[in-house]
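Asks: In order, the protein sequences belong to chains A and B.
63 is the number that this note's numbering gives to position 27 of the first sequence; each next residue is one higher, with no gaps.
281 is the number that this note's numbering gives to position 277 of the second sequence; each next residue is one higher, with no gaps.
Treat the hints with caution; some may be incorrect.
Partial selection, computed: residues in chain B whose CB lies under 7 Å from chain A [claimed, not checked]:
1. Asp109
2. Phe136
3. Ser165
4. Ser298
Derived by calculation from the structure, the hints in this document are not laboratory data.
Using N, Cα and C, we set each Cβ at its ideal position, and we do this for glycine too.
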Amino acid sequence: MSNLLFVLCAALIGAGIMGVLVKKNMLKIIIALSVIDSGVNMFIITRGYVDSCTAPILESGKSFSCLVDPIPQALTLTSIVIGASVTALALSLAIGLYKNRGTLSIKGIEK
Amino acid sequence: MIPPIIPIGLYLFAAFVTPVVGRINRNARWPFALLMSLLSFVLIASLYSDAQAGYTPYWLGNWVPVVGTLMGIGLVLDPVAWLFGILIGLFSVLCIMYSKEEIGDAHATRYYSLVFLACAGSLGVVFTGDLFNLFVFLELFNFVCVGLVAYNGNERSLNASFNFLVLASLATTFLLVGIIILYSVTGTLNIAHIAYKLGALGLEPASLVALVLIFIGIGVKTSFFPLHTWMPEAYSSAPHGASMLLIGMKYGTGLYALLRILSVVFGFVGTSWLLILIGVVTMLGGVLMAMVQSDFKRMLSYHAISQLGYMILAAGLGTMLGMTGSLFHVLNHVLYKGMLFLAAGAVIWRTGETDVNKMGGLAKYMPLTALAYAVGALSISGVPPFNGFASKWIIYNATFQVNPLLTAIALLVSALTLASFLKVFHAVFLGKGNNVVKEVPATMTGPMMLLALLCILLGLFPDIALQYAIEPAAKALMNPGAYISSVLAGMFG
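Here chain A stands alone, though its shape is the one from the complex (with noise of 0.2 Å):
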């Protein structure tokens, strides 16, 4: 199960990074990053996950035997909202890139 887990993230966060490698389309490089955001943020989900445990909430009158560990969850939602905000500063310098050249393609870095 876990290593399923393992290629599977691996397979998003390598996916992510071939789109922004190789793709010259402003957006698609943009979808790409959030695409390499999930892989990783799946990857720190899995590092605290306890197979067939219970999420830490204590709750009277339940009894359980194991938890999973909740920091890596804590860290995801602040991943996932830098995430966020990487998706919308990139889409704001697009926008602002597509008004002063009427194309979504990128330049290369000058040399």
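Fit chain B to the supplied structure of chain A, relying on the hints for placement.
Replies: Coordinates of chain B only, in the frame set by chain A:
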């Protein structure tokens, strides 16, 4: 003692209160921003004695570690953190002074907010003792950098900031994955605690993967060769005051974080040929690229990369002398490079040209700017008695102890740097030109003259800086055990 969170909090406060002040009275924005940055500078400076006394962890929310458990986020103050922190404080003051005329009135509010947020982010990276916290502050700093680079709103700056954003988010993704791997190996995020547990476990393959990922992640921010590609374009298209500010913060967020993690978390304090190799390639590559640039600020950016090579080279030697030289060079480099960016900014602001070949004869019209540029050029080339010589002399000595060939390369790069700067000095300030301009106002010459004075003073009396700031910092980086044991002091009863 003042908790180290106070200056960070003050920057955040100033970032969000400056717009409110602007609403009440537009003319009050600049004095308010200047006052806030001066106050933060004084606060950071007043942390000096605490920092020198040793590692003083400050636990956010009073989550002091109890025996066996460490849960809170700690800010750790030590001589290295203080050294980089005071540079951030100084440069925020100078940037706000300098930017008054350049930014103008219309969008000044958002500019000051961005500057304060950048200060908060980079100061957080410098003071934090927690890896995930470091990641969050680094992301905050990256976003603000993107905003500052894109500030001018023209195609060039938007393009540079888009490239920077994509590279920086890829880099921080690597960093985050590396941090998470370390977390899953050790079960903690505190730097000292990770180091303690890794010391017990030894370097497993998983930790090595984490090391590589973190090295690449912070390497992009440090911008050594070949991860530097975003940096020249981003720095040359930012507003001039912001270029100086970013140079002042780059070493706190890049080099400092890298050295801290390498030395404390992974315990690498010996000679590292990888760092030496990166340093040599960065030195040579940076200076060779700089020689073919005709854009004024791009040339300065490539020289900044080249000088970074000296710091990495000296730090990689793994000797006390090398680390001292490296940190002293950071201090000196930030001072003269900041001044060079200010001088270049003043010239570009007055003439409207960015190409050095289209300027000329400006020494007659802008004598103070020309003076600042000359002091900066002689400092960066390592000519005595300016401060660049003081730190390069230590680096030459330190490299000579390890391998004289490295000294030869360092000397060669210095000579090439001098050639490049003399050429630009001639093109911009001497000879004949078509531009008839006035000297820039006192809010712009003031920061330049202050930095020039510091450059000369540090060149004449390097021992004072070495004794009171640099050597304690180098000792702290060379002795990670003290960091670990004093941060974790409460955990073992």
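Asks: Are any of the numbered hints broken by this structure? If so, which, sorted upward?
Replies: 1 and 4
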